[in-house]
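S.K.: Line order of the protein sequences matches chains A and B.
Numbering-wise (the numbering used here), the first sequence opens with residue 1 and increments by one.
Numbering-wise (the numbering used here), the second sequence opens with residue 1001 and increments by one.
Bear in mind the hints are in silico, worked out from the structure with no lab data behind them.
Among the hints, a few may not be true.
As the list claims (entries may be wrong) - Computed cross-link-like contacts, DSS-like style, restricted to lysine-lysine with a CA-CA straight-line distance of at most 25 Å:
hint, chain 1, residue 1, chain 2, residue 2
1, B, K1056, A, K329
2, A, K427, A, K461
3, A, K5, B, K1274
4, B, K1084, A, K329
5, A, K329, B, K1274
6, A, K88, A, K140
7, B, K1056, A, K5
8, A, K4, B, K1084
Stated by the list, open to error - Partner residues are not named here, just some residues of chain A that face chain B (Cβ under 7 Å, in silico):
hint, residue
9, S79
10, L81
11, D276
12, A445
Bear in mind that the values here come from a model prediction, so they are computed numbers and not experimental data.
For every residue, glycine included, the Cβ atom is placed at its ideal position computed from N, Cα and C.
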Amino acid sequence: MNTKKFDYAPAPESRAILDLKPSYGLFIDGQFVDTLDGRAFKTVSPATEEVLAEITEAGQADVDRAVAAARKAYDKVWSKLPARERGKYLFRFARILQERARELAVLESLDNGKPIRESRDVDIPLVAAWFFHYAGWADKLDHAGFGPNPKPLGVAGQVIPWNFPLLMLAWKIAPALACGNTVVLKPAETTPLTALLFAEICQQADLPPGVVNIVTGAGDTGRALVEHPGIDKVAFTGSTDVGKMIARSTAGSHKKVTLELGGKAANIVFDDAPVDQAVEGIVNGIFFNQGHVCCAGSRLLVQESAYDEVLSSLKRRLGTLRLGDPLDKNTDIGAINSAEQLARIRELSDVGEAEGAERWSPPCDLPVKGFWFPPTVFTGVSQAHRIAREEIFGPVLSVLTFRTPAEAVEKANNTPYGLSAGVWTDKGSRILWMADQLRAGVVWANTFNRFDPASPFGGYKESGYGREGGRHGLEAYLDV
Amino acid sequence: MTTTASPPVASGTGLPDVSQITSSDSALRRFLHGLPGVDQVGAEARAAMLSTRSIKTSAKAWAIDLAISMIDLTTLEGQDTPGKVRALCAKALRPDPSVADTPRVAAICVYPDMVPVAVEALRGSRVKVASVATAFPSGRSSLAVKLADTRDAVAAGADEIDMVIDRGAFLSGRYLEVFEEIVAVKEACGEAHLKVILETGELDTYDNVRRASWLGMLAGGDFIKTSTGKIAPAATLPVTLVMLEAVRDFRATTGRQVGVKPAGGIRTTKDAIKYLVLVNETVGDDWLDPDWFRLGASSLLNDLLMQRTKAVTGRYSGPDYFTLD
């Protein structure tokens, strides 16, 4: 790399604020407890492969115990509590989460590998916003459009992914508690630490024991939870493959299910788009959180008449991305979350090359230790390429072209997924027409990857069913 | 920078033919309105994100010195006197009398009648004399008066002329009139460098800022400048971002590099560094130079000096340890 005049000195966020313990138990019935039949595993920092803590992998008996605690809390305490009191606990969570925002952001970046700029400015503020939003709903469910006095479901089993660990926890726990349910939540095995810190916050907030239970572990723990006969509701965010398994295993049971699965979103740029902002939107669409985003804009559809201009601007912009230490405040691209994910990104990128697409990355020094992948753009991609069809879940953009709005819609919809889409144009009527045509749960106009607790989020087709967020998100946790 | 953006030019045939673009009001309108739009939300979000960059230690020290060397130290008041201007010039030459290696500022910026005083005070130094002209700040005068104002300042020895565009003509869509006026002022400047003040606080939209930037560049401006400092808002980060994008695209299209000068409201080291980050990540090294980027300011200088001292001694000193201008 050529040396630049203005070389930003390292600006790392301090880890001193953290109080990491060498090992963590399971959070059941308001206490951290040792496992009955599980074992221990380690969670590492993906940026350095440093072992951060020893985590408990919950076994069947642990899950039984957690579900029993949640059931008891539901029957004896939480379902009896006046709605306003439930709201007060949620407001208390929101305030504590804001007070401890820096601690949570540092821990999230350390365990997940995402840049501190994102955990500090996006993840944690949204977490607090989600609790504030649903705190307000707790005593207003009569007015949510589901009839008078809608009832909770009971005990919710919730399984969340590693890409936005604490935010996905908030998306699950805040509406569940607001509606009067109790929960057993399993964080992803590579990113359990902020969920365990949230367990400490439950204690700090004096939440009645058993209302929130956190069981750590991997796929087996998740299966034990989802298939447990004692739960009334399954909420899952993760891969489409696992989502299908959950749908099969819960079919015919009394359980209500919501699934938020994969995506292969089209980000559609017309030739009248505000180019500089569209380029920012493309970058934010696919390189935000290293592309570990289910609604990532992983397929860029550019109108042929704007192709040269958009591509040259995009490549110039990618040259300014700063990849490195997730805790450095100037880092734009952090680490890939795990060796396993890195292997998958590498494999699909190699397939892209083998299938004849042209691969490009800006000059970029990757750290030696840890899991890293450079921002990558594939051009010359067609609908027939695997990199245009399969979710890569990494910083890899596939660029396709179109000629007319109808062709853009056709190509955008030509996917088994349907979670999100983006449209970039200065023409308002076209935005409305496109939003109407696109089979995607979220359509962003002249922006991408923007979230708000008041806005519902969810998928079409193999991207899942059910909605999270806003008034719509209440339905998933009410018996309506 | 080796990569070049493809031209945001309607014709798409490479270099824009300026004589064709400016052959009529409607041709010029077609060109300016054919430039890519600016999405307000996106531009402001980008500027806000860049202002979260954390510039510390060696990078901060480097940025402080660069910022000092980019200042157009300004006094534009009805109460200006030769004494005041001489004091300002002394400050420009020795911003911190007790620290010899403190860089000099780029220029001092005064009203036309103060140019002879400044020229005298700065003789033999590399600090330039910039003069506002063209019925600054409102620009509400006849072309003849504006040109006379300009010639006066140049004759008195100004190295740089900071002109204001006719915002009234611009907002009513008489782009050609604005263009021709800038061309005429540029001609009146002779050897002096021309900075074209857009007064973005009166243009209101980022689309207008981009169009006015192109107008100023097509007409031959050496710099485009945000504001007079007499209108709020003066310089903002998103406006400067849009102008930097314009000079970047203009160079990619025509090969000619134009400078950018945000002015007004930049008071702290933190502010100044945010602008330098914006330059760094939008147009890069080529503009990180006093020849291509200036900061129009007055009180900013002492804050930079205070931070410079702090970087060396580890302590903040009080305002009494820095000279008044």
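S.K.: State for each hint whether it applies.
M.R.: Each hint tested on the structure:
1. B:K1056 <-> A:K329: Between K1056 (chain B) and K329 (chain A) the Cα gap is close to 11 Å, so the pair holds against 25 Å.
2. A:K427 <-> A:K461: Distance ~28 Å between K427 (chain A) and K461 (chain A) Cα, so the pair is violated.
3. A:K5 <-> B:K1274: holds (16 Å)
4. B:K1084 <-> A:K329: Measuring from Cα to Cα gives roughly 43 Å; hence the hint is violated.
5. A:K329 <-> B:K1274: It holds: about 15 Å lies between the C-alpha atoms, which stays within 25 Å.
6. A:K88 <-> A:K140: holds (13 Å)
7. B:K1056 <-> A:K5: With Cα atoms ~15 Å apart, K1056 (chain B) and K5 (chain A) stay inside 25 Å; holds.
8. A:K4 <-> B:K1084: violated (39 Å)
9. S79: Where the cut-off is 7 Å and the nearest Cβ of chain B is about 43 Å from S79 (chain A), the hint is violated.
10. L81: violated (41 Å)
11. D276: For D276 (chain A), the interface hint holds, since the closest Cβ of chain B sits about 5 Å away, which is under 7 Å.
12. A445: With a minimum Cβ separation of about 10 Å from chain B (threshold 7 Å), the hint on A445 (chain A) is violated.
The structure fails to meet hints 2, 4, 8, 9, 10, 12 from the earlier list, while all remaining hints are met.
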